[in-house]
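Chemist: Chain by chain, the residues:
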Amino acid sequence: MRIEISTETLYSDFVKKVEAISEQTLISCYQCGKCSAGCPMCFAMDLLPSQIIRLAQLGLEDDIAKANTIWICASCITCSVRCPKGVDLARVMEALRLITSRKNIDQVQIPEIPKETIAQLPQVAMVGGFRKLTA
Amino acid sequence: MEKRIGVFVCHCGLNIAGTVDVEQVVEAVKDYPDVVYAGNYIYMCSDPGQELVRTTIREQNLNGVVMSNCSPLMHEKTFRRVATKAGLNPYLLEIANIREDVSWPHENEKELATKKAISIVKMAIEKLKRNVELTPMVVPLHKRALVVGGGIAGITAALEIASAGYEVIVVEKLPYVGGHAAQLAGTFPTLDRVPCLMAPMIAKMISHPKIKVYTNAEVDEVSGYVGNFIVKIKTSPSYIDEGKCNNCGLCLEKCPVTCPSEFDCGLAERKAIYITPPETMSQKVLIDPGNCLHLNGDECRACEEICPTKAIDFLQQGITVEKTVGAIIVATGYGLWDKKNIPEYESDPDVIDGLQFERILSPSGPTGGDIRRPSDGKVPKQIVFISCCGSRDPEHGFTYCSRVCCMYIAKQAVLYSRTVPGGQAYVFYMDIRSDSKGYEEFVKSAMEEERVLYLRGRVSKLFRDGDKIKVWGSDTLSGKSVEISADLVIMATAMTPREGAIALARKLNVTVDAIGFLTEAHPKLQPVETLTTGIYLAGTVQWPRDIPDSIASTGGAVSKVLSMFSRKELLHEPTIAWPDEEVCSGCGICASVCTYNAIEIDPIKRVAKVNEAVCESCGACIASCPSGAMRHKNWNARQFMDMIDIATGAYV
Ligand SMILES: Cc1cc2nc3c(=O)[nH]c(=O)nc-3n(C[C@H](O)[C@H](O)[C@H](O)COP(=O)(O)OP(=O)(O)OC[C@H]3O[C@@H](n4cnc5c(N)ncnc54)[C@H](O)[C@@H]3O)c2cc1C
Ligand code: SF4
Ligand code: SF4
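The listed protein sequences derive, respectively, from chains X and P. Just so it is clear: in the first sequence, position 75 is 75 by our numbering, and no numbers are missing. Just so it is clear: in the second sequence, position 531 is 531 by our numbering, and no numbers are missing.
Here chain P stands alone, though its shape is the one from the complex (with noise of 0.2 Å):
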């Protein structure tokens, strides 16, 4: 069929124009072999532009356009929907990427960036003619999702999407959900106290007919793609058969085997059976295999004698599940760095981290709300807050803020200062962040009201000094060396990456940053999608943030959700990858290189299958197969050569 191409130059303003002689470009190109039009305007992304593009289409029956203007990333689509509109195939339309490539890059080289423009104009053209009409693929769509994580973002995300109607599978890695927020003692700037806050959050999940959740579990194969997510879900056993077990308890009294409390941050002891705590709104018992002597090879069996409904099962086994869901949502959270890694700061049971402090100031924690110190249980009166520990400390922690400690020292200062008649509480800071709603006043009644002093600068040293902690700082703004006699440290430790963060990136295929947080597609377009597309971040996972900006975020992965589950169908590119049966060998090269396991050797054929709704079009497959059987649509290698020979025409 005669070609018959339309070259539409866009000025964008004097973004291009300013810098590339767009008539020059038009001149160059009018000529040129199967160009029947040649145009410029100076913003063809506006109406009056589309339109011409739409008009001049229909009206030269046109059969391929080149649009040359900024980059495919901005307004592929949209002059695609154009050309739609008109009646032409959309892959018959190329971009011509004149700006971010040309007239960005070479502002004070203009007649270079003239020739650069229509060499690419070309180039263009000539990968168009060897272009085929292709339609999207329309692929299944299960609206079901998944949750990974039962913290508040994951809590918040799992009943936004049921609420909708949808179902939605959680999985906690814990015995119980909540997370941290459910370790809390209380929430700034307005003090609620934090079961008010949880606990029905936690009961509507627990019992919402479609949300099921899986505790003590984790995700253990993902793979699939958008829509059609296959994942295996590995459940670890409780060794306690739920429908036997009253939770009388009387196997807690009998367990010999005492171990640190996770949930108080090691402040109380548990045994190696235990209840989950009443915080987190499920008073399972269940027993943990690390500790009880039984699993480890021992005659115990002291819990399984006592147990009055034979309860205790030690031949339970774990379950794996497969599901099928559209969409995954990932809010694994935050960890805590290590207190240890400051060595001038001694350790010592009065120096503790600020989950710890939270503990000890809840009503439900290991002193049941009274404020007393680890070492020796004595109500301290004079508390020292230490910020920015880890935190924009580039040599010895991270660089970055970690923006919830300066308010949460303030809440801890103000219910000490509430709860100790007398107490004195200190905080050495850098800079104080109060950056949101009533946050700014909060701090500053923290000053004000419940006196608590303020003083500029770190902390060099902590020691123990007899029933004291000694702590050697400076206050900047009177140029003092100070010293404080305390009874208990609290240090706010940076907010870090979970531990298995990255492992748990690798099973879903997303990219996590240097510091090991999962990043966003775009920072500033897409902040909660993740380079796969149907996984989506909530809460701190990708970030520190505080509760309200946690489920900020996490409204902003659901409506993502939402929206995708709110189509009939998904369609996917069509311009993906296809082997040339007739030559593959079948070696499996590309299946081996492919990151989206798109591949597979057929096993009778022994050749090279793509699953076309998996191919994400990179490319990969391509540049790796032997045999040059692997091809992709619409960028086949003539293509590739013909543009590489207009490129490099002032060579030959």
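Only chain X is shown next, with the shape it has when bound in the complex (with noise of 0.2 Å):
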């Protein structure tokens, strides 16, 4: 699909909020990928680090909502300490979940758990993690 880029979506306010609440200039990432080469996590995310920023970039939220990456990030910073211009990029992951988490969408469907898993979790987790992933 085509998509339309302007001055709309380039200073909307989604990209306003990323870069107030991760205090990051997006527009900084020259798309280098060595966030993603180093991602521990990167084997199990549908869109890779890089690709992530870059949407941000693009103010394309809703691809971003769509992916699981910025659920799968582990927060481990390898990314930022690796960056060559200096991007904290686990805080820009940080800044994305905050935005999606607030936008009540249920990022789990709780019926669709298997019983086996619910078993095997402990309760701590599951309800700190539906606080986190439910609307």
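I should point out that these hints are in silico values taken from the structure, not numbers from a laboratory. Any given hint might turn out to be false.
As the list claims (entries may be wrong) - Here are the simulated lysine-lysine pairs, DSS-like style, with alpha carbons at most 30 Å apart:
| # | chain 1 | residue 1 | chain 2 | residue 2 |
| --- | --- | --- | --- | --- |
| 1 | X | K16 | P | K470 |
| 2 | P | K470 | X | K34 |
| 3 | X | K16 | P | K444 |
Dock chain one against chain two, each of which comes alone in its own frame, and use the hints as you go.
Modeler: As structure tokens, then:
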């Protein structure tokens, strides 16, 4: 699908919020891909960390929300330490999580969790997880 | 006289000795007729190697030397100098190339290599036996230079040569100097305004006592040779008596003909009688004969009638001057690929090329420095740049990178962003090439400070949609096809050879590459020389370059000219063609094949005459002479036959 890029998408509220919460300038990222190259969790992500920041630069909020990346991110800050442009991507990820979780969308469907999994999970993890991931 | 030949076989480290058995070569020639010495050494070109040659020449009283080592291009000069020092005429030294011709191509065939090396050495010995002593010819040197093209490269060349105290003639095709640089709005990465850069240079050149500038002029004919080129310069008439015209401009108001201004790239109009642009520091009135009604048979004399000083002269003729110069610098610059060459980018007044946008951005441009689009004069709020239009596009344009577009796009985007508040610039690119001092930082500042959005991908289609131009491109970084509604689109079209470059190259007898840029004599070691001695290249006539690189290449060309002019006279190789007048029938075939125009038929004696200073020893005349009258000094037919006998010895 062709998407329209304009000053509205580039300077949208979403972009402003991400920049304000993370205190990072998104456009500083020059898309070298080093964050993705070193991310220990990228094997489980739909989109790579560097793709997420590119989507954020373009203001493509929905594409970010659809991907699992920000939830798989372990906040290990490997990307932030290694970024040649000094972008603290882990903070961008956190900002994206904050914005997305405040959208009141269920990130997990409780009835769909298999019984065996529920049996294995400690209760405190389930409560904490549901607080974070459900509306 | 008894021949006493010495043979010196070089190992070149393992370059030769790793493949060729050098001891065996020495063994094979040491008892060859007329050879009195044969030896080998690890590096003949080293100090001890040269010393060995020198002392052996003296001690053995040698009257001929065969150096069997690398190509004559590498060290013929070196060893001929050694011979001269040892008291031997340098033309009694021959090179047997057993590196490029033997050890390198036959790396895996050692036995064959050694056999071939032995025959090449024997061939050189046989040739040497019939060599005669020669001395280089002295040719006069005219210490005056011709610079063709008055762009920033040509102007720099003229100023540098003149400031060293030599006379310079500048020939510029247009009615004004300055070239493309004068059309620019600013320069990356410092954003210097161009008039601040160019005006003092142009003013200095025009008023310099050692520089004569011919504008509206072309080089008509070139003959002669290094140190002694004879050039005919032809100027076109301006139809204005410069002594009378006081630049009042009344004629410009009266002239009924308007046509697009070349300097403003068609974005503004001028009259058929017009004043040269102020950026070029000239401000001369002239009539453009292509558009003037009177000069095309009409009754109109409007300018002549209004002119208070009677300066208009419809009968004025151009002049032709002939000058002798010692060296020529070619600085005729580049052209731009036509944007119409990409049909999927719809033709539209708001789709312009880079140079047109320079004019729009220029404070002295057609919009007076306001950024307005050509179609309706609106201030464009979203502008899109497309890089590599025709460059790096082997299917439709060229394979090469035009080298300056990435940087001027960043410059134009910055100038735009600073002038239009709330304006957004987008750049579609494939790679960003910002490889010089301060360039990468400049591009990053365009992105981060001016918020220019760079999208990695080509644009596939441009089309008009109401007030907007729709740009369909891609952003390969996010994997998205994107659309932008633009008010103005700028295509960074490829830098190409200048129109007429090939015709000029023919006149000057220099070569062009497959695209039409003038070629250097050697891509690494002789980057500013052409294959014709005494003719040098400066700036973008050779290849796409920005201003700093053009100036640097000009510096190289200038230093070649000045080093030539610092000599008293020039020496010319004596191994040239000569006609045996008793055999020559004066048929003139040789004269017709000589690329250097070195041969004339003597009208009285009816025999060929070789201009010794012009002959470049190529041998074409000798091969073409039906009677065998034309000979080559130290390369005569007997020498060739003797060498062929050795080379084919295995077959007889
Ligand atoms: C859109 C654009 C923007 C640019 N911006 C920058 C920038 O910001 N900074 C930078 O460093 N570079 C920039 N450049 C590159 C810059 O224009 C060139 O590096 C520079 O102008 C080359 O100068 P030149 O003297 O080699 O050639 P030219 O400027 O082309 O000059 C050649 C001269 O020779 C004359 N001529 C041509 N044929 C003949 C003939 N047969 N006989 C006599 N005279 C002849 C021409 O009329 C002209 O005056 C830009 C280029 C473009 C296209
Ligand atoms: S490492 Fe930094 S600059 Fe490189 S892609 Fe990741 S965030 Fe961007
Ligand atoms: S004679 Fe030519 S230049 Fe003069 S006014 Fe007429 S058209 Fe213009």
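Chemist: All the hints need checking, so say for each whether the structure fits it.
Modeler: Checked hints:
For a cut-off of 30 Å, the pair hint linking K16/X to K470/P stands: about 27 Å separates their Cα positions. For the proposed pair K470/P and K34/X, the alpha carbon gap of about 34 Å is over 30 Å, so the pair is violated. Distance check on the hinted pair: K16/X and K444/P sit about 21 Å apart at the alpha-carbon level, within 30 Å; holds.
In this structure, the one hint that does not hold is number 2.
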